[in-house]
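Participant: Got chain A sorted already, so can you dock chain B onto it with the hints?
Each chain is listed here by its residues.
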Amino acid sequence: MKKVSKPVFFVVFFLIALFAVSVVAGFKYYYGDNETVIIKGTDGIRFGIDIKGGVDVTFTVPEGINATEEQLDAAKEVIVQRMVNLSINDYETYIDYNSDRIIVRFPWKENETNFDPEAAVKELGETAELSFREGSETDENGAPAGTTASNVILTGSDVAEAYAAYDNNNSSGGEWVVALKLNPEGAKKFSDATAKLYEQNGSISIWMDQTMISAPRVNAVITDGNATISGSFDAESSKKLADQINSGALPFKLVTSSFSTISPSLGAGALDAMVLAGVIAFIAIAVYMIFVYRLPGVIAVICLVGQVSGTLAFVSGYYGFRDSSILTIPGIAGIILAVGMGVDANVITAERIKEELNAGKTLNGALTNGYSRAFSAILDGNLTMVLVAIILMGAFGTSDSIWAKVLSFAFFMFGPTTAGTIYSFGYTLLTGTVLNLFFGVLCARLMTMSLSGFNIFKKPWLYGAKAADRSKGGDVK
Amino acid sequence: MNRNTKFNIPVMEKKKIFFAVSIVLVLFSILSTFIFGAKLDIQFKGGTLITYLYDGSFDTAQFEADAKEALGGLDLDVSTGTDFNTGRNSVKVSLISNAGLTAEKQIALTDALETKYAENNIELLESTDVSPSAGSEFFKKCLMAAALSAIVLIIYIAVRFRNIGGWLAGVCAIIALLHDIIITYGAFVVMGMEIDANFMAVILTILGYSVNDTIVVYDRIRENKTLYKGSISLSDLTDLSINQSLTRSINTSVTTIFAMIVVSLVASMRGVESILSFSLPMLVGLIIGTYSSLFLASPLWVVLESRRSAGKEEEGSNKKKKK
Chain A
26 MKKVSKPVFF
36 VVFFLIALFA
46 VSVVAGFKYY
56 YGDNETVIIK
66 GTDGIRFGID
76 IKGGVDVTFT
86 VPEGINATEE
96 QLDAAKEVIV
106 QRMVNLSIND
116 YETYIDYNSD
126 RIIVRFPWKE
136 NETNFDPEAA
146 VKELGETAEL
156 SFREGSETDE
166 NGAPAGTTAS
176 NVILTGSDVA
186 EAYAAYDNNN
196 SSGGEWVVAL
206 KLNPEGAKKF
216 SDATAKLYEQ
226 NGSISIWMDQ
236 TMISAPRVNA
246 VITDGNATIS
256 GSFDAESSKK
266 LADQINSGAL
276 PFKLVTSSFS
286 TISPSLGAGA
296 LDAMVLAGVI
306 AFIAIAVYMI
316 FVYRLPGVIA
326 VICLVGQVSG
336 TLAFVSGYYG
346 FRDSSILTIP
356 GIAGIILAVG
366 MGVDANVITA
376 ERIKEELNAG
386 KTLNGALTNG
396 YSRAFSAILD
406 GNLTMVLVAI
416 ILMGAFGTSD
426 SIWAKVLSFA
436 FFMFGPTTAG
446 TIYSFGYTLL
456 TGTVLNLFFG
466 VLCARLMTMS
476 LSGFNIFKKP
486 WLYGAKAADR
496 SKGGDVK
Chain B
69 MNRNTKFNIP
79 VMEKKKIFFA
89 VSIVLVLFSI
99 LSTFIFGAKL
109 DIQFKGGTLI
119 TYLYDGSFDT
129 AQFEADAKEA
139 LGGLDLDVST
149 GTDFNTGRNS
159 VKVSLISNAG
169 LTAEKQIALT
179 DALETKYAEN
189 NIELLESTDV
199 SPSAGSEFFK
209 KCLMAAALSA
219 IVLIIYIAVR
229 FRNIGGWLAG
239 VCAIIALLHD
249 IIITYGAFVV
259 MGMEIDANFM
269 AVILTILGYS
279 VNDTIVVYDR
289 IRENKTLYKG
299 SISLSDLTDL
309 SINQSLTRSI
319 NTSVTTIFAM
329 IVVSLVASMR
339 GVESILSFSL
349 PMLVGLIIGT
359 YSSLFLASPL
369 WVVLESRRSA
379 GKEEEGSNKK
389 KKK
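Respectively, the protein sequence lines represent chains A and B.
Under my numbering, the very last position in the first sequence is 502; numbers go up by exactly one each time.
Under my numbering, the very last position in the second sequence is 391; numbers go up by exactly one each time.
So here's chain A without its partners, still in its complex pose (with noise of 0.2 Å):
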């Protein structure tokens, strides 16, 4: 093996000391009062509700109902407008087509004392009530006030279908629009208000039970029930306000199959717990591979601290590419079984140094070997480890995630269940193992043979040789 130099030991110690201070500290400056975060620290880590408490919902259709793709969409799209107005941002939605299914999970706010999750719920599942009115004035709430109040034009049952469209015939080139098909009812209601409103140059407001999600102005009069929506859309927003508007039209109310709230309290002791014996674990993992290895016990800690970090860092979304995860008690122990790993592949090459220098090697040799040797049975067991986080990834995530697709051979009969957690489990365990063969692997070596080019750090003794085989060293010369 080629030498390493001195200073690298101090370079590679650094750098996992200033990643692991900015990934616990992150990284942001105040300018005013407004906060910019350039790297999100581990305050930023988002709790999944089995720790931080909230709610995990499963919306179904009725029994011998089955929906199309549009009226999930649609449907979906209820549920995050009802969640938007009850002021809950943080919410995952995940639409399964194959078996009907809508899942919502969102976990408490801070400091949340007084919200009903129940009535909540009960909320987000009710049919929503659409409404094409005159006009577009509001009250302070955002409500319909005036002869917007007054003047409903069209309610859901008149709409036939949306849909977004991609409108070549237009002056200024393409754009995209919202087509909306009225069933002959709703057709003569649309052409009678369109008469008027083109006239006085009114518009139309489309509301979702009490919020208004557009205002168009009316430049034709719409005689035969095809309607166009048009006005600075894009693929996705004109997509959503079909969505939305077809929700009005849905032929059935959703029904939960599945439904859990995890109150706040609950999961807090939980984490504190955990933290609090992570940290006890860890200085004891940390006394006993020094005390046991003396400096590889030393290189092994700084390495894990490494490993941790990085785990952590995955989690809280500090590299900006990648997006925060969720981080589950299953998440934990993914976590704690990467760190084992960590703590194995540091036992083995330490293991395996000792037995050089037992066997009478130079301190140079049995470093060469033992590193050699021990990677084998590291990479081995951290390979096999990725190979089975991989396989929970895709069974447990959300069937668009690249390892679903992979896998979807074995697991396309069974639609995503509600036990996201275990997802969290191979996620922690896929980055700890990946992030252990460059920490526990090549920054150890790095760091250990660089280590070896000191005079002080030349004992033997320094890495695990008995004391007698060093006295019949000298004995040899």
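No false leads were mixed into what you were given.
One-sided excerpt, in silico: chain A residues whose CB lies under 8 Å from chain B:
1. 313
2. 355
3. 366
4. 368
Keep in mind that the hints were calculated from the coordinates and are not lab data.
These numbers come from a predicted model, not from an experiment.
The beta-carbon is built from N, C-alpha and C at its ideal position, and this holds for glycine as well.
Facilitator: Frame of chain A; chain B shown alone:
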């Protein structure tokens, strides 16, 4: 045999004892299902569990009757306890229904209880409601993930350890793994813990841990096989490899097991049951995982591998005779 290793446990000589211990533990774990009864969490079997916090006291039988009335006569179970975080009393209402409890019904129940037991300050702590079909689907998905993992691991070991007869080594690793999982399951049943998502997390962790442990021993056998090039017998080779890996196995296990003991102690002092039901069975699994990779997977592999190569030689000699 002394090859200058710290330990000299004649594993191969005593293999029958190890096999017997494993068989007894596995049988006991399977039987424990019938003796103690496995508590399948509603996540797997479907049903509803609602926990409320309350102050003071009330007549549990009356409470049960009131809850039943509020739900229109559905069969339910009521049990009381204490919530460690708040120090308040808790009451659990559980029901196994064929149809999930709708949010409407749950609201009706909470409202009825809140009015009837106003002086007890009833407050919803948590609720879980899973329809039986969603529960069994989740269970099947878990089994599928486990089966797929086993197949992938066998293939991986077969390829990476082909110079020590990879396929058999892979199968032995999976047998050891099954052994660990069954015994961990037994620990859950004996400790009276529910088979829930925590159970899955433990099983998955043990799966990873056990296979890694087995691979470390296999790696040593693979290396020694090249090193000694057939100069010693398969069982001596395995004995040597096991004893050489023993210090590593002990040190790794001590650290992981110690970490789990710390987690269990902190959790029991803080009264966090959800973590305790995770860390205690994990402890059992970790110990069993270490045991099985040293004393079950490798000796079993030697027995099967010797039998296979003996079979091959016989075949070979038969062919020679025909010539």
